[in-house]
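J.: Could you build the full structure based on these sequences and the hints that come with them?
Protein chains in written order, with my numbering: chain Y, 1 to 197; chain E, 1 to 197; chain B, 1 to 197; chain U, 1 to 197; chain F, 1 to 197; chain Z, 1 to 197.
Each hint should be verified, as a subset may be incorrect.
One copy or any two copies: either way a pair holds, since identical chains are not told apart in the list.
[Claimed, not checked] Here are the simulated DSBU-like cross-link-like pairs (lysine-lysine), alpha carbons at most 35 Å apart as the crow flies:
{"hint": "1", "residue 1": "Lys62", "residue 2": "Lys13"}
{"hint": "2", "residue 1": "Lys13", "residue 2": "Lys69"}
{"hint": "3", "residue 1": "Lys13", "residue 2": "Lys123"}
{"hint": "4", "residue 1": "Lys101", "residue 2": "Lys13"}
The set of hints was computed from the structure by calculation and includes no laboratory data.
Protein chains: 6
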Amino acid sequence: MSRPAISRYPVPKLEDLPDDIRARILEVQEKAGFVPNVFVTLAHRPDEFRAFFAYHDALMDKEGAGLTKAEREMIVVATSGANDCLYCIVAHGAILRIYAKDPVIADQVAVNYRKADITPRQKAMLAFAIKVARESAHIGDEDFVALHAHGFSDEDIWDIGAIAAFFALSNRMADLISMRPNDEFHLLGRIPRAPKK
Amino acid sequence: MSRPAISRYPVPKLEDLPDDIRARILEVQEKAGFVPNVFVTLAHRPDEFRAFFAYHDALMDKEGAGLTKAEREMIVVATSGANDCLYCIVAHGAILRIYAKDPVIADQVAVNYRKADITPRQKAMLAFAIKVARESAHIGDEDFVALHAHGFSDEDIWDIGAIAAFFALSNRMADLISMRPNDEFHLLGRIPRAPKK
Amino acid sequence: MSRPAISRYPVPKLEDLPDDIRARILEVQEKAGFVPNVFVTLAHRPDEFRAFFAYHDALMDKEGAGLTKAEREMIVVATSGANDCLYCIVAHGAILRIYAKDPVIADQVAVNYRKADITPRQKAMLAFAIKVARESAHIGDEDFVALHAHGFSDEDIWDIGAIAAFFALSNRMADLISMRPNDEFHLLGRIPRAPKK
Amino acid sequence: MSRPAISRYPVPKLEDLPDDIRARILEVQEKAGFVPNVFVTLAHRPDEFRAFFAYHDALMDKEGAGLTKAEREMIVVATSGANDCLYCIVAHGAILRIYAKDPVIADQVAVNYRKADITPRQKAMLAFAIKVARESAHIGDEDFVALHAHGFSDEDIWDIGAIAAFFALSNRMADLISMRPNDEFHLLGRIPRAPKK
Amino acid sequence: MSRPAISRYPVPKLEDLPDDIRARILEVQEKAGFVPNVFVTLAHRPDEFRAFFAYHDALMDKEGAGLTKAEREMIVVATSGANDCLYCIVAHGAILRIYAKDPVIADQVAVNYRKADITPRQKAMLAFAIKVARESAHIGDEDFVALHAHGFSDEDIWDIGAIAAFFALSNRMADLISMRPNDEFHLLGRIPRAPKK
Amino acid sequence: MSRPAISRYPVPKLEDLPDDIRARILEVQEKAGFVPNVFVTLAHRPDEFRAFFAYHDALMDKEGAGLTKAEREMIVVATSGANDCLYCIVAHGAILRIYAKDPVIADQVAVNYRKADITPRQKAMLAFAIKVARESAHIGDEDFVALHAHGFSDEDIWDIGAIAAFFALSNRMADLISMRPNDEFHLLGRIPRAPKK
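T.: Written as structure tokens, this is what we have:
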């Protein structure tokens, strides 16, 4: 069988891409050891690519905030699970396993966060994230009160909601183009990595 | 009664904003005659603001494409209607009325596109946009076949889906911060404007 | 383009209608300045027309009751919004704007009453009305307790529920015959009317 | 145990009712052998009572039309089943058994018309009625085409839709006041009645 | 008209069945006076038949437990109602009427347990059973707390949940093979039986 | 942190179990290298345990049938995904990976079978299985026609439906007792096993 397509749309070659996009892709390849398909498939539209990753980085790479990187990824995995988005569950599940140093947490959070090995505070965070993902018109002051009770600030709540909102976009783009997760993601973070030398 | 809040979050003053953001806001004010609340409320987070509008412009200001500007706004209004998003229905409803030069089309498209004064091709476009908005995991090749039959190219379909995906994000941000539509939008495009001198 | 149809069914001419129905229509025309399409389209079935408007008047024209006329129209607009009924949202949205003397309230209530400029008591009223509209089998004593806490009497609750129930009928009739709202309704109540002389 | 209430609201005594309403109730009692609770419970509001039964009679007692009386009751039972309305399922289930002279048809139609001992034409009728009951905004020309193919005229379709719409109202009123079906209805039509002398 | 089919699949003759299955069927026939169709239709697959009734008996024939036999049948009827399963509503509705010695309770519980003549404790039991039937992934510790407050032990809760789970299977098998309820069930328990001699 | 519980209910010790159940558990331990939690947690109720595994074996261990073992597991994984059941997705996902000798198929099928690397025939099989799992009352002859077109016999369709029905039960039991998947399952079948010596 031939290699399965990674997108319904043409996938540009690295050498045909604008310099900034190619640089970004080479950087992630250097870091991860492979190029996640989201980079090459979205590069079909350079302007949208740039906005997409600028938005992504603003939300996910934030320093010194109330949410840890693992918690940000939990939000991605839980809302992508609620949206049944294959690419995001598999790819961000891998990232979550790595950040949380936990080989089973991503499968738990993707399917049913109520049963995950996480804190009540994290469960409240994910309950809100899923509300943003699935029925944001119902958000009310009572949701803010409930999250404040767990120690989340208003800025933390913006983060939670904005990550859920951004992956509402991301999930839909992945479904639109039928983005395929790299095979590597399925295994990543499930077994201890040999220490880097 | 005091003026109702336009966001759950602090709204920055124009003079406190980074130059590029202030310039963008002054530009839209010059053009529209007022500052749509989406600009000042999202400016609370400058990096996210920049990514948001870069994405918006890449999708909505595209030249020479298969979809007219009015059709792009139809997608925004129909999917925001499906998501019950007050800000986007009211603000983009106004823009749709202006682009389409039609005072009733936005109310039709927001509530039930099946009854709107639009073409069968546009109804097929909106049916797909709503599928992206509400159940994108169910998208399949048969959706592409149906849209091709109406003369949409694959690139047009990316546009339709990406606009629906971007406003999936936008609707959720508006709900998260309880963004209030400017009163001006409710009336805009409903009555003939006096010609500019 | 020819004038769009206002019903899937034949629309009787005024002169062909029974006297009582014609009189009712002339009366509303005198008052509103035009004939709302609900009158001429439902007149296709005189007996149903008479029962429909007798029911309507019993619920909406009630004097000295616990609900104001604006509140009754809020119920119509909110439940018609929940049912995605174009005719009722547009026509009763206009009436609500006029009774409430508020140009933006109808758009708010039709899309998401949680964000409307209304009182907590009115929000409780609309939450119950939407429950009647969408899942009346789940109504329980706890709903009555919640409304009593806002000062509603049992008779007020009958009014709220009966209006929601009547427009459950009305929305479905409008959808069945594809009743088109008069263009006039879209603008009505959005701008100050010149005082009557 | 005391006799269970038949309504959340006060139930008027026969002698306190307006003459026309009392006459109507005595007439039905004469015919049925008991007074169905819908009559005495709705009589709490005489004007609404009159409109309700005028509407009911216009739709259900129609002579010489395309739908038989049993078919009209099937629509009531199927849509009341879709709405989980206890009173209407039990009371109209009894009437359906009598008109159809079939002791099991009402239970079938209330739960799942697909498995009922009825014709394909009747199944198409009930599929449309349930669409009117549950998602009338989705009604389109294709529904009319499908029903025409089974020999239904446009006037028949109005009947089907209007009955579904009227019982959308009726179901909600029954739920609002927690109307209890008379015990008699549960058994009626399940066993052959002795011939009247 | 010929007798309607009781299954989409071949129905074995009693004499062709394995001895243990035939014995079981003759036993139920002796007791009930007729053979419920679930026995002969599922006998098409003997191994599945044996496991099905072993499971059924373990849950429904339990002695000395916290739930009465009538309560066990209430769970079957309420969850089968939530699943719109004709066979189970009709057959177990009959059994419920007999155990509860109440001719109207099954119709109430099948349509809307909130309106049934049952205790608050039984309503809490059915609310949980329906949660198991329709959205078991949402079960949480709070559900156990709520049931403990009504005096249910953990073992009682297992019973409630396991019965709901078993009839999730049973309802689907009945729908898969289009199992038809015996006509006898519709009437059983609705009228006082003459005492056995 | 202490080891997380594998059930809300007491978990029996192997030595306290009836002989037949202990033998079954030792057999699976011998084969798998560990005891899947479904065995020890359900052993809390021996009679239900026996019926559960008798049913399971009748459906899943069938020889010479139209469905392969991998296809049977696909049905389990797809319907458990539709039901958001953590235990069954993780445990049967592992078994599916092993039978299909494919490290990524289970994640695909659990989230969205439309995007899985499977045949159109298998997609039709899973579409039907999910219909059985989620809305079995809507099953009709048209479903059998569609499956026949892919070469499935009526007996194959019974298998598909019965597996979906059995795991409707299984998923609910796992949710009821909060059954935790063994950590081993998460990794099983994702990397080539060293050949047995």
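J.: Could you run down the list of hints and mark each one as holding or not?
T.: Hint check:
no. : hint           : in the structure
1   : Lys62 x Lys13  : both (30 Å within a copy, 24 Å between copies)
2   : Lys13 x Lys69  : both (31 Å within a copy, 31 Å between copies)
3   : Lys13 x Lys123 : between (42 Å within a copy, 32 Å between copies)
4   : Lys101 x Lys13 : both (34 Å within a copy, 31 Å between copies)
Checked against the numbered hints given earlier, the structure satisfies every one of them.
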